[in-house]
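The lines below spell out each chain.
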Amino acid sequence: MGRLAGHGAVLVMLAFGVYSLTTLDFSWSDVATSVRQAAKVFTLMDPVSLPPPGDLAYLIGLTLGIVVLGTLVAALISIPVAYVSAENTTPAGWLRVVGRAIGVVTRAVPDVVLALAFSLTFALGSSLPGILAIGIHSIGMISKLFADAVEQIDRGPQLALRAAGGSRAQEFWSAVFPQVLPSWIATVLHRFDINLRGSAILGYAGVGGLGYAMKVAFADFPQGYGRGLGIAAVIFVLCVVLEIVSSTIRRNLLGIDAVGNSLGRRIVRTATGNRPARRRPSGGAPAGGVEAALRRPWTRSRVRDLSWTGAAVVVVVASYWLADVDFSQVTWQYVLPTVQSFWPPNLGSHTLGDFLQALLVTVEVAFGAAVLSLVLSVVVGSLAARNVAPNGAVRGVFRTILVIFRGVPELVLAIFLIMITGLGDQAGVVALAFGGVGLLGKLVADSFEELPPGPERALTAAGATRGQRFLAATWPRGVPSLIGNSLYLVDTNIRAATVLGIVGGSGIGFYLTNASTVLTLHGQVTTLVIMVVLTVLAVEGIAAWLRRVFR
Amino acid sequence: MTAPVVSVSGVTKEFGTTRALHEVDLRVEQGEVVVLLGRSGSGKSTLLRHLDGLERPSAGAVEVLGEDLAALRPAALRALRGRVGMIFQRFELVGSLTVVENVLTGALARLRGPRLGLWSYPRSLKLAALTHLERVGLLDKTYQRADQLSGGEQQRVAIARALMQDPRILLADEPVASLDPESSDQVMRLIREIAADDGLTVVCSLHQVDLALDWGDRIVGLRRGAVVLDTTTDGLNRAQVMEIYGRVAASTAELMAIETELGDVVAGTTVRDGQT
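These protein sequences, in sequence, are chains A and B. If you want the numbering used here, it's the 1-based position in the first sequence plus 24. If you want the numbering used here, it's the 1-based position in the second sequence plus 115.
Treat the hints with care, as some may be off.
Label-pair ranges, simulated between beta-carbon atoms [said to hold, decoys possible]:
{"id": "1", "chain 1": "B", "residue 1": "Asp-332", "chain 2": "A", "residue 2": "Val-340", "range": "54 to 62 Å"}
{"id": "2", "chain 1": "B", "residue 1": "Gly-252", "chain 2": "A", "residue 2": "Val-128", "range": "21 to 29 Å"}
{"id": "3", "chain 1": "B", "residue 1": "Trp-234", "chain 2": "A", "residue 2": "Val-354", "range": "31 to 39 Å"}
{"id": "4", "chain 1": "A", "residue 1": "Ala-335", "chain 2": "B", "residue 2": "Pro-237", "range": "48 to 56 Å"}
{"id": "5", "chain 1": "A", "residue 1": "Trp-569", "chain 2": "B", "residue 2": "Ser-124", "range": "53 to 61 Å"}
{"id": "6", "chain 1": "A", "residue 1": "Asn-112", "chain 2": "B", "residue 2": "Trp-234", "range": "23 to 31 Å"}
{"id": "7", "chain 1": "A", "residue 1": "Val-354", "chain 2": "B", "residue 2": "Gly-252", "range": "58 to 66 Å"}
{"id": "8", "chain 1": "B", "residue 1": "Gly-181", "chain 2": "A", "residue 2": "Glu-564", "range": "31 to 39 Å"}
These are calculated hints, taken from the structure and not from any lab test. Note that the Cβ used here is the ideal one computed from N, Cα and C, for glycine as well.
Just chain A, same shape as in the assembly (with noise of 0.2 Å):
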């Protein structure tokens, strides 16, 4: 019975991606015309050019500084929110509730909103709107992953600190803290990956760098889409080795291997030929008696930490001075005003009508890009997979697809925002359906490579042909995980089809970017963001639920 509801809940969400195909009026030709109106951009355009060194020199120096400092500043909030949030460290119950409701509500504001909302408060070009956008945003996240870590510690040297008269404070720094300090770095350098590709939409909200650089290239149509894509090019290299350099940060700091199959990390456990990480003993014996022990020897690894404090010093000072904060710029008596105006939510002018209508565009683009990604994913991730690919070049072909999939989405996206700011949702479906495949394609593969082989061997041995094999026994087992893998797609959808909205002018976030510039509108904000949210949970709700059902 749960299971005849679950096939039939599965049946309605294919039909709704189809349908939402046509709705959108999506069909090949306007693909075809798409492209070949892009096509038509490119011969008017200027020569893709970059700006000069100097100016090139500030843009990246400003990027980087904003996203330092967002980090940063998350990552401090972050650890009062995981203390009161993380089972064996809170104080309380309810504060744990506290805590968790902060990341739940951080994370569902898109920064963009956030960007827009405090351009208010600071003078125009100020750099702050960006950093407090990303500092507030990533708490969702970071305190999150900070949180799952407190939880996961050994939890005996918190207890011997409390058993030898320790407080709750000397506990946490003495005994908690020292071992969750590697994953939380982990987190901030991830989190930093993110931000820094997230910084180039931040730019259409107004916040100086790379990403308003190129917003401005491209609002020169069409010679500026030359320079645009330039600027394009310069943000996915820079992200490409800001993702090395963190990977190699993790492995040799840390000792965490470069997990992950983004390009950069890609890039690294090649060049480290996958060995392990390894740890070099540490310490001495000094001699002497205990006065001479006080002297701590330079160890290599005492070395190495105090060159890696004093890097990470350098680098938060040195972003301080490129991001050019400068808190004159701060409108005081906006700030709270600008904080009280997001509540209560209202509607303003519109009706719900209106906001569930744009939300269900949004809804629609989120699911015609999974449709698609799922069709495209089904082919691409079966051929990627070993069990199921004829032969290793096959599998080796198909798997390196999947990685330019994945790895080029920031270029990608650029020039299809080009796209979306002319031509609305569709362009929106094809950016999102071009990204979802690398992650759908990828989780396809690696749950069909999981499947146990008896079945296929079985059928081997009885003389079935490959795609007998295929449709009798790995089909079937695999489409449970990729029901789950493609909800899970729809999830990061409507996330990003809000933010694209927002870019494009299309959906909720049409509403979104109106209500955000004005201070008297953030009610709506608030009201657009609840929808968001109550979306992205009804989906998490139904992955869940039929996860259950196939189990």
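Got chain A sorted already, so can you dock chain B onto it with the hints?
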């Protein structure tokens, strides 16, 4: 007779429907080395945790160093815990910190506010920590990461951390259960030496009868949360301990189970009993 260092009266502890301790009475005098003997699940650890105020009894009272634990405010309880050192089966050091940093955390009860890193402790405490490390024979490991030490060494660091508290009482919860025989011997000898030199009172839980006879002044046997044996070790031998257990054991099967739990060297026992 002076007031006992530890006085447990009528303590019962229930976790949900499970009864971990049942009307336990225990008095420990200054300078005694008491071994709590029993199988796993007999309530040894729970009893020890009550002595440091880490558990609160469901019924009954616990007095430590003349203070009724139930009546203490949080700050006073922390101060009391500061005078009671505790060591654990799994050592419970912070593996990523240096040995000396781990030892220094034993001084936290005497310090205000949190500490992080060596520099945050005063020189006098650092000197004290090094002295304690010298005493447990690990001065040469001062600046190594704690998780690079062997099990026996880690337990000695844990003892140094407890010494850092300047404790009056040392509680040890299965301190050698994770160690090889040689390290066990070293750790138990260290505990006895410290107890003798500093006049410390020791309450130590063990599950091996031989170790209990070798290292304890007095054995308190626990079974299913109740005290079933309380005697000095003078002239006591393994067979007698087993016999007392046997009397309270409900069935032969249960007795055999206890034999397997406690009797790690059954053959050796027979020979020794034959000689006595």
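Now for the hints, and whether the structure bears them out:
Separation of Asp-332(B) from Val-340(A) is about 58 Å and conforms to the stated range, judged on CB atoms against 54 to 62 Å. Range check, Gly-252(B) to Val-128(A): about 52 Å between beta-carbon atoms, so the 21 to 29 Å window is missed. With their beta carbons about 35 Å apart, Trp-234(B) and Val-354(A) fall inside the hinted range of 31 to 39 Å. The hint said 48 to 56 Å for the Cβ distance between Ala-335(A) and Pro-237(B), and at roughly 29 Å that hint is violated.
In this structure, Trp-569(A) and Ser-124(B) meet the distance hint of 53 to 61 Å, their C-beta atoms being roughly 55 Å apart. For the pair Asn-112(A) and Trp-234(B), the supplied restraint of 23 to 31 Å holds, since their beta-carbon distance comes to about 27 Å. Under the hint 58 to 66 Å, the C-beta atoms of Val-354(A) and Gly-252(B), about 60 Å apart, fit the expected range. Roughly 57 Å separates the CB atoms of Gly-181(B) and Glu-564(A), a value that falls outside the hinted 31 to 39 Å.
The structure does not agree with the numbered hints 2, 4 and 8 stated previously, though it agrees with the rest.
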